[in-house]
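J.: Listed below are the residues making up each chain.
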Amino acid sequence: MTLDPVILFFLLGLAARLLKSDLRLPEPIYEALSVYLLLALGLKGGIELARYPLSQLGPQIAAMVALGCVLPLLAFLALRALGRLARADAASIAAHYGSVSVVTFAAAMTWIEVRGIPAEAYLPLFVALLEAPGIIVGVLLARGVSGGAAQWGGVLREVMTGKSVILLLGGLAIGAVLGPAGVKPVAPWFFDLFKGALTLFMLELGLVTGRQLGALRTSGAFLVVFGIATPLVFGLIGAALGVLLGLSEGGATVLAVLAASASYIAAPAAMRVAVPEANPGLSLPIVLGVTFPFNLLVGFPVYHSYVLWLSR
Amino acid sequence: MEWHARKLLTVIAEAALERRLVDEVQRLGIGGYTINEVRGGGTHGVRAGEWEGERSIEFKVLCEEAVAQRLAAAVMENYSQHYALVLYTSDVGVLRGEKFT
Chain A
1 MTLDPVILFF
11 LLGLAARLLK
21 SDLRLPEPIY
31 EALSVYLLLA
41 LGLKGGIELA
51 RYPLSQLGPQ
61 IAAMVALGCV
71 LPLLAFLALR
81 ALGRLARADA
91 ASIAAHYGSV
101 SVVTFAAAMT
111 WIEVRGIPAE
121 AYLPLFVALL
131 EAPGIIVGVL
141 LARGVSGGAA
151 QWGGVLREVM
161 TGKSVILLLG
171 GLAIGAVLGP
181 AGVKPVAPWF
191 FDLFKGALTL
201 FMLELGLVTG
211 RQLGALRTSG
221 AFLVVFGIAT
231 PLVFGLIGAA
241 LGVLLGLSEG
251 GATVLAVLAA
261 SASYIAAPAA
271 MRVAVPEANP
281 GLSLPIVLGV
291 TFPFNLLVGF
301 PVYHSYVLWL
311 SR
Chain B
313 MEWHARKLLT
323 VIAEAALERR
333 LVDEVQRLGI
343 GGYTINEVRG
353 GGTHGVRAGE
363 WEGERSIEFK
373 VLCEEAVAQR
383 LAAAVMENYS
393 QHYALVLYTS
403 DVGVLRGEKF
413 T
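As you go down the protein sequences, you meet chains A and B in turn.
Counting in the numbering used here, the first sequence runs from 1 upward without gaps.
Counting in the numbering used here, the second sequence runs from 313 upward without gaps.
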């Protein structure tokens, strides 16, 4: 196994929290790091984006939106039928699993890069496309189509103008306009320093995850199992879709990671506003305390093996 | 210099409510508000403000007592059931009373 600094820093943060250390990353630094990571991911994807014809990207874009709608439905059905969760709670958790985690994506990109697995450069586009549908479907599942146009306007604005969508799409557009030569002046800042910044972010996420681990005690066995089973199943769906779409080995693996990942930034914020009766104490410990570390520590090689198996 | 008696209404809430609180203030025609990012703990657990999902704000307005009552009633009615919330008022004196009606 290749030791990955990203994972070691995550474990350091986790250990610090479990040891009750008072270590914390100041919130403005966390905020700045997340802006930086999103822009860097977008820019890197954008440089290559202009090279691909729309005839190739079109079906992939449509497939991403469809995937983002189907996954939360599956999660919702499982949570209602097997977990017997209240409608609002099931819908909220489904939205988290329908949407994606940008940090898990960034870690997966470095995972395939370190192993020299080839991948399409425009994969950040998939992240931007997969973030919103899951959340919108989650709100629909909780609210039905009623609830008034004013409220829906607020939810849609919130989701479509979220920081990650704006920065990823903005970065992609700027990267596409600039091209490789145009990006060169900022390349040291955005690309060479990227992994270092990601390790700092991971340290912080280790701390946040460690806090959620404590809350897991009250989650119940079903949700903990759900937090591990869902990425395993959704990863398989993502891998299959990637192979069907003809993505490269790395591309299909990263798509599997995206399907397996659960949002812990955009989805919780949107659910808090749109479905206030859903208890964040149920969703966050599972998403952050189970699924996020599971994907990071165990998931990537599993999803890679799915792709190798499916493309045989 | 003349000090006018006013109420300072402080709302400590999840950051998710920020936009809604601003909307309420504007609906009531209150002239201004101040927001701080804060952290703390209570019946909804520790809200350490380490990442987006658990940020909290302290939202303050200066206004006349009747207006403070109406704002507090609206906030309680709409948000107290599902959100972490603390409301309190204090008596303060302000200069230029016409700004804080």
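Derived by calculation from the structure, the hints in this document are not laboratory data.
Quantities reported herein were computed from a predicted structural model and do not represent experimental measurements.
It cannot be assumed that every hint is accurate.
[As the list claims (entries may be wrong)] Every beta carbon over 12 Å from chain A, so not counted as near; a handful from chain B, in silico: (1) 319; (2) 360; (3) 362; (4) 378; (5) 380; (6) 404.
[As the list claims (entries may be wrong)] Heads up, simulated DSBU-like pairs for lysine-lysine below, C-alpha to C-alpha not over 35 Å straight-line: (7) B:372 to A:163; (8) A:20 to A:184; (9) A:20 to B:411; (10) A:163 to A:195.
A virtual CB, placed ideally from N, CA and C, is assigned to each residue, including glycine.
J.: Please go over all the hints and tell whether each is borne out by the structure.
T.: Going down the list of hints, with the structure as the test:
no. : hint           : result
1   : 319            : 27 Å, holds
2   : 360            : 7 Å, violated
3   : 362            : 6 Å, violated
4   : 378            : 27 Å, holds
5   : 380            : 24 Å, holds
6   : 404            : 29 Å, holds
7   : B:372 to A:163 : 26 Å, holds
8   : A:20 to A:184  : 43 Å, violated
9   : A:20 to B:411  : 47 Å, violated
10  : A:163 to A:195 : 21 Å, holds
In summary, the numbered hints that this structure violates are 2, 3, 8 and 9.
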